[in-house]
Amino acid sequence: MTKLQFNAMLIKTITTSAMLLLAVIILSPFLWMLSASFKIQADIFNYPIEWIPQELNWRNYATVWGEKYQFVQYYWNTIKITVFTVIGSLLTSSLAGFAFAKLNFKGRDFIFLLYLATMIIPSQVLLVPRFIVFDYVGLVNTHLSIILPGIFSVIGTFLMRQFFLTIPGELLEAGKVDGAGYWRIYWQIFIPLAKPALVSLLILTFTWTWNEYENPLIFLRDTSLYTLPLGLTNFVDENGTDYTLVMAASVSALVPLIVIVAFFQKWFVEGISNTGMK
Amino acid sequence: MKENIAGYLFILPNLLGVFFFIVLPLLFSLYLVFMDWDYLKGFSGLTFAGLDNVVRMTKDEYLGRALVNNAVFTAVTVPLAMVTGLMLAVIINRFVYLKNMLRTIFFLPYVSSLVAVSIVWSVLYNARSGPINSFLRDIGISNPPGWLASPQWALIAIIILVAWTYIGYTLVLYMAGLQGIPKDLYEAASIDGANRATQFFKITVPMLKPTSFLIAITLIISTFQVFAVINIMTQGGPLNSTMVMAYHIYLQAFQYYKMGYAATLSWLLFCMIFIVTLVQWRSQKKWQQHF
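For the record, the sequence lines run as chains A and B.
If you're matching positions, the first sequence starts at 951 in my numbering and goes up one per residue.
If you're matching positions, the second sequence starts at 637 in my numbering and goes up one per residue.
Just chain A, same shape as in the assembly:
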């Protein structure tokens, strides 16, 4: 090993250690949350911070998941809404994205531009009229009021279009020559090729829907319909100053999602990189 290579390695090792330290600092709110969730109320603000509690107190979790609160219900509601939204938006987005990228039809680019333009509309502009209409047709206080608007994703269409653009148009022509209709070309040629993009969109939509707060806050009234974020705020309202309980509830709401996203991080990163959209 030359001196130069050694120096490069040394620098790399030092920066890696520095970055790991920074990573721990970035993660410290989560670490604090985790450790606080196992403490008893009297110890929570002890300083120096006891990152590892002297004894693990599981009682907070027992309370959070006990019969008095509806965390199981919140989870179930969130899963239900998320699954329907994800499936629906994958379907409509891949259909529209395919057409916008690969089919020539009149007004295509104009419609697509309008699509893009809708992305700058703040959700507040849409929430008021949506609430009025949903109230009128009886959708307020149902899960459909969250699922329905979520199914038609402009960002999803954008992501799928960008992906389909990278697939050579010859595949479409070849399909046509073989006598396949557009549906078969879409379903049997393009969808199998689009798996990476679909997985990216899946994990993105999953996360957004799972974490959605403003829509459920406005449209859902009964606590039995609440999603996880809403249930969590509800829990905090009831147990405001019992911070250890609140932290156990936060861990219960956060950790499963964090594990899933960390597991799928490659797809997630690709999805964000390809759309640049939140």
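Simulated from the structure, these hints should not be mistaken for lab results.
Ideal Cβ positions, reconstructed from N, Cα and C, are used throughout, including at glycine.
Warning: the hint list may mix true and false statements.
Sample of chain B residues facing chain A (criterion: CB under 8 angstroms; computed from the structure) [as the list claims (entries may be wrong)]:
(1) 657
(2) 731
(3) 757
(4) 774
(5) 778
(6) 863
(7) 864
Given the structure of chain A, go ahead and fit chain B onto it with the hints provided.
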């Protein structure tokens, strides 16, 4: 011809949804700007108001505060998240082992539920005995900030938290952008004797312009709409120091049921976002490369 029909059929499901859940509400909302609606009376509470709602904005004591707070919030949060994300991306991209692991860690805050994160930070910020202030006292700051309880510090506290969540987003996009810069540019520059700093400012930053533009636009749009953090942590307080447009609109619409006025405020927010986006777009035609 056949392709025309197929094209329309393929976009139809999505188009219908966009029409019913975006275009129609948008038009309805514009109509509401000119109406007064006592919502609790149902449709009979709907009366024509002309420009009353617009005039009312000039007398709204919260509006000025909300606009200033929104401007400050965006103007600080976006550059903060962008600069931090860029620096981390450059370092992680070139000078570390465990690249993927580090990237995953840094973007965990971004994918976490903002609700849960806000709740955790509320406790961290606890002025009397929270861990942040305990730490500050420990390192010799005898009078640490009151954070969420203090009118001077509440907005800053929120900015820190939100920037923390956005770093993962800017980092991921910048890392993707860095992959697109040809390596030989740096080699040529170092042969010419350019040092690391010069390379960063003369190659990295200009080459990342499209990425920066994309990040700036998306972050500006989303920071203008900041809501969840405010609703959970401060409810616009203390003393309106964290009052922002989205929260003001929410209160008007869903606490006081002033639908017409809420719609008017939301259009003001929309106009602001529209103008900022337009100005940015004009100043950076390069964005079009992205399509």
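How the hints compare with the structure:
Nearest Cβ of chain A to the Cβ of residue 657 of chain B: about 4 angstroms, under the 8 angstroms cut. The hint holds. Given hint, residue 731 of chain B at the interface with chain A, holds; its Cβ is 4 angstroms from that chain's nearest Cβ, closer than 8 angstroms. The criterion of a C-beta within 8 angstroms of any C-beta in chain A is met by residue 757 of chain B, whose closest approach is roughly 6 angstroms, and the hint holds. Interface restraint check: residue 774 of chain B against chain A, minimum CB-CB distance 7 angstroms, threshold 8 angstroms, status holds.
The interface hint given for residue 778 of chain B is broken, as the beta carbon of that residue sits about 15 angstroms from the closest beta carbon of chain A, more than 8 angstroms. Contact between residue 863 of chain B and chain A, as hinted, is supported at the beta carbon level, the nearest pair being about 6 angstroms apart and thus within 8 angstroms. A hinted interface residue such as residue 864 of chain B counts as satisfied when its beta carbon comes closer than 8 angstroms to some beta carbon of chain A; here the least separation is about 5 angstroms, so the hint holds.
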